[in-house]
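Protein chains: 2
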Amino acid sequence: MPETNPMIRLAKRPTGTPTGEHLVYEEAPVPQPAPGEVLVRNRFLSLDPYMRGRMNDTKSYAPPVALGAVMEGQSVGQVVSGPGFEPGTWVLGGRGWQHYCSVPPHLLVPVDAEAAPPSAYLGVLGMPGTTAWVGCTEIAPVRPGETFVVAAASGAVGAVAGQIARHMGARVVGIAGGAEKCAYVRDELGFDACVDHRGDGFPAALAEACPRGIDVYFENVGGAVQRAVWPLLNPFGRVAMCGMVAEYNDGSPAPGPNLMSAVRNKLSIRGFIVGDHPRQFPVWRETGARWLHEGALKYREDVVHGLCEAPEAFAGLLAGKNFGKLVVALD
Amino acid sequence: MPETNPMIRLAKRPTGTPTGEHLVYEEAPVPQPAPGEVLVRNRFLSLDPYMRGRMNDTKSYAPPVALGAVMEGQSVGQVVSGPGFEPGTWVLGGRGWQHYCSVPPHLLVPVDAEAAPPSAYLGVLGMPGTTAWVGCTEIAPVRPGETFVVAAASGAVGAVAGQIARHMGARVVGIAGGAEKCAYVRDELGFDACVDHRGDGFPAALAEACPRGIDVYFENVGGAVQRAVWPLLNPFGRVAMCGMVAEYNDGSPAPGPNLMSAVRNKLSIRGFIVGDHPRQFPVWRETGARWLHEGALKYREDVVHGLCEAPEAFAGLLAGKNFGKLVVALD
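Top line first, the protein sequences correspond to chains A and B. With the UniProt record's numbering, letter number 152 in the first sequence gets 152, and the count goes up by one each step, no holes. With the UniProt record's numbering, letter number 143 in the second sequence gets 143, and the count goes up by one each step, no holes.
Any given hint might turn out to be false.
When chains are identical, the list treats them as one kind, so a pair holds in a single copy or across two.
To be verified - Below, in silico cross-link-like pairs of lysine-lysine (DSSO-like), each with a Cα-Cα straight-line distance of 30 Å or less:
{"id": "1", "residue 1": "K12", "residue 2": "K266"}
{"id": "2", "residue 1": "K266", "residue 2": "K321"}
{"id": "3", "residue 1": "K298", "residue 2": "K12"}
{"id": "4", "residue 1": "K298", "residue 2": "K59"}
{"id": "5", "residue 1": "K298", "residue 2": "K266"}
{"id": "6", "residue 1": "K12", "residue 2": "K59"}
{"id": "7", "residue 1": "K298", "residue 2": "K321"}
{"id": "8", "residue 1": "K321", "residue 2": "K12"}
Just so you know, the hints here were simulated from the structure itself, not pulled from any lab data. All of these numbers come straight from a predicted model, not from anything done at the bench.
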C-alpha cells in the first residue's frame, strides 16, 4: 500500500490563465474508502476545457469547485479494493486530479482494455466522443450532401464530430490552428478540407472552403472563428453550441452575433451539455469501439506524464497548444 | 368601372425611418387582368414590420421590393371579375399597397365574412396570428406551469402568442410600451402580468414579474428588451426568434448576446418565417375562428383610413405607436 496520494487542489480562483499559483500540487494520505466504496488507482486523467468554468465562482451548469478542494476531473484507473470488482479491473469513473480516489461502486463503469487502450475511454470513446455523437446526431443533425463545419477540428471533440458527420454523408470542413494540425485533419482524419484560423485572410479562406455555405456548425471555439462562420450559415442552418474555448480565460464575455441573422436564415442554435444525455454514453462507447475496430474512426492523444505537469498542460489546452486529446498519465 | 388605381410605390430606399419621400402615392390605371386572372378590389391592407426589410437592398429571406415597384403587402378584398369566383366574394390574397390587383385564382383564399370581420383575416386569423401559432406550438413549445414571455404583447403577433401560451397552461408575462397597452394586455387579454419597457428600471421590473425565470421567450423586438430578457432565461429555455422590430430602422446591426449563455443554459434559439409553414395557415384560421367564436381569443385593430395614410402609419408601427393590429381601410 502506498503512503501518499499526490493531488492538485484549487488554491485560488484564476482570472485569465490558471497557473501553478491557482492549481497547487500536494501529497495527502491515501483515502480510506467509506464502507461499501471502492478504492481506485487512477491511471489516466482527462483534461478538458470545461474545467476552466469550474474554477470560476459563477453560475453555470455545474457548481464551481470549492476553494481548497481537489480539482474535478474524470479518470480511467484500476480497482485496488472494494466490493463487486476484482482488483486490477479497469474502470471509468475515477475522480479528481489525484492518484487515488474512493468511489461508490454504482458510479464505476468497467471498461474493456482489450477493445481499446484504457485512455481511449476518456477521449474518443468517452465524454468528448459522446459530446460529438450527441451534437451530430441529436442537437444539429446533418443531412447527406450538406456542408458541416467544426472548429478545433483536431481536438478531442472536433475530430470525432467531423468523422461522424462524414459517416452521415456530409461534406466536412475543419478549422484548426496551424499547418500541422490542418494536415492531420485532412490527411489522417479524412476531412474534405481544413482551414487554418491562424492564417492570413482566414474568413476568406473559410468561405472558399465552403462554396455552398455552411449547413451545420459545431461550435467549440467562439471568438474570431465564430465571427467568420456566422455570415456563411445557410438558410435552415443548425448550430450545435458545445463550447467556446477561445473565450474561457476572458473576464467579461464579448458580444455575440446580432440574432436577426437567426430570423433571416431560420437558424436553429442549440446549446447542450453531454451530461444531460446519459443514455448516449453506452451507445457511443459501443458504436465508437466498433468503428475503431473497423478502422473507420481515427484518434490521436497528447499524453503528458506526471500529475505535476497537469496545470501547465491545462493552460496549454486553453491556448490550443495540445495536439489530440489531452490526457495525463499518472505514472 | 373606376378610372384609376391608387397605389404607393417604393421610390427610394430609406435609411432609418421611411417617409413620403420613399413611399410615394400615385394613381395608375386599373390593371387589365391577364387571361385567367382575377381582378380584386382590395378593402383592407395589412401593414406589418417585415415590410421594412423588403425596402432594403440586402440579402434576406425574401427578395427586396424593386425600386419603383408597388410596395408589397397582403390585402383582404372583394372579387370584381374573373374565373371561379362570384363578384363580391371576400378573398384573402390581394397584393400590394393599392386598391386593385390582378391575381391568379389559385393564390386567392375565400374567407367567411360571417365568421369574422374581413379585416380579421389579415391579423388575428391571418399571417400574424399564424406566426404566433407556429412559434408557440412548433418553434418554442411551452409546457404547463412554465413562464412564457412575449415582447410587443399588445401587437398583432404578441397578443395572439400570449393567449395561445395561456391556453397551453403557461404563466404568461407580456412586455409592452406604455401603461395603456400594459393595462389592455393584463385586463383584456388576460395575461398574468405585463411590464412596461419604457418604465424606469424595466429589467428589474421584468425580473420581478418572472420570479421563476423565463422558460420560453417569443422575440418580436430585440434591442433593450432582448438584453433584459436574456439573463432571466432558465436552463433548457427556448427562444422563438420571430423578429426584432426595434432594430429594423438601424443601419448596422447591434451586437447580440454572447452565445456561451446558450451552452450554459442549454438554450434552443430558433428563427422562423411563417411562410415556411404553409400548412399551418388553414389550421390556425379554423382554430382561431373557433376560439374567437367561443370568446376565448381577443384582438384589437388599429384601423387607419385611406391609402395615403399608409406611409405615416407604417413609420408609427416601427416606433410602436399603433395599438393593436394595424390595417389600412382602403376607402
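Now the hints, each set against the structure:
1. For a Cα distance limit of 30 Å, the shortest separation of K12 from K266 across copies, 28 Å, qualifies, whereas the shortest one inside one copy, 44 Å, does not.
2. For the homomeric pair K266 and K321, the shortest alpha-carbon distance between copies (28 Å) is at most 30 Å, but the shortest distance inside one copy (36 Å) is not.
3. Taking the shortest alpha-carbon separations for K298 and K12, neither the intra-copy value of 38 Å nor the inter-copy value of 57 Å comes in at or below 30 Å.
4. In this homomeric assembly, K298 and K59 never come within 30 Å of each other (Cα to Cα): the closest approach is 36 Å inside a single copy and 40 Å across copies.
5. Proximity of K298 to K266 under the C-alpha cut-off of 30 Å is restricted to the inter-copy arrangement: shortest distance 29 Å between copies versus 34 Å within a copy.
6. For a Cα distance limit of 30 Å, the shortest separation of K12 from K59 inside one copy, 18 Å, qualifies, whereas the shortest one across copies, 49 Å, does not.
7. With identical chains, the CA atoms of K298 and K321 are at most 30 Å apart within one copy only, with a shortest distance of 20 Å there and 60 Å across copies.
8. Within a single copy, K321 and K12 get their C-alpha atoms as close as 24 Å, which meets the 30 Å cut-off; across copies the closest is 53 Å, which misses it.
Hints 3, 4 from the list above are not met by this structure, while the remaining hints are.
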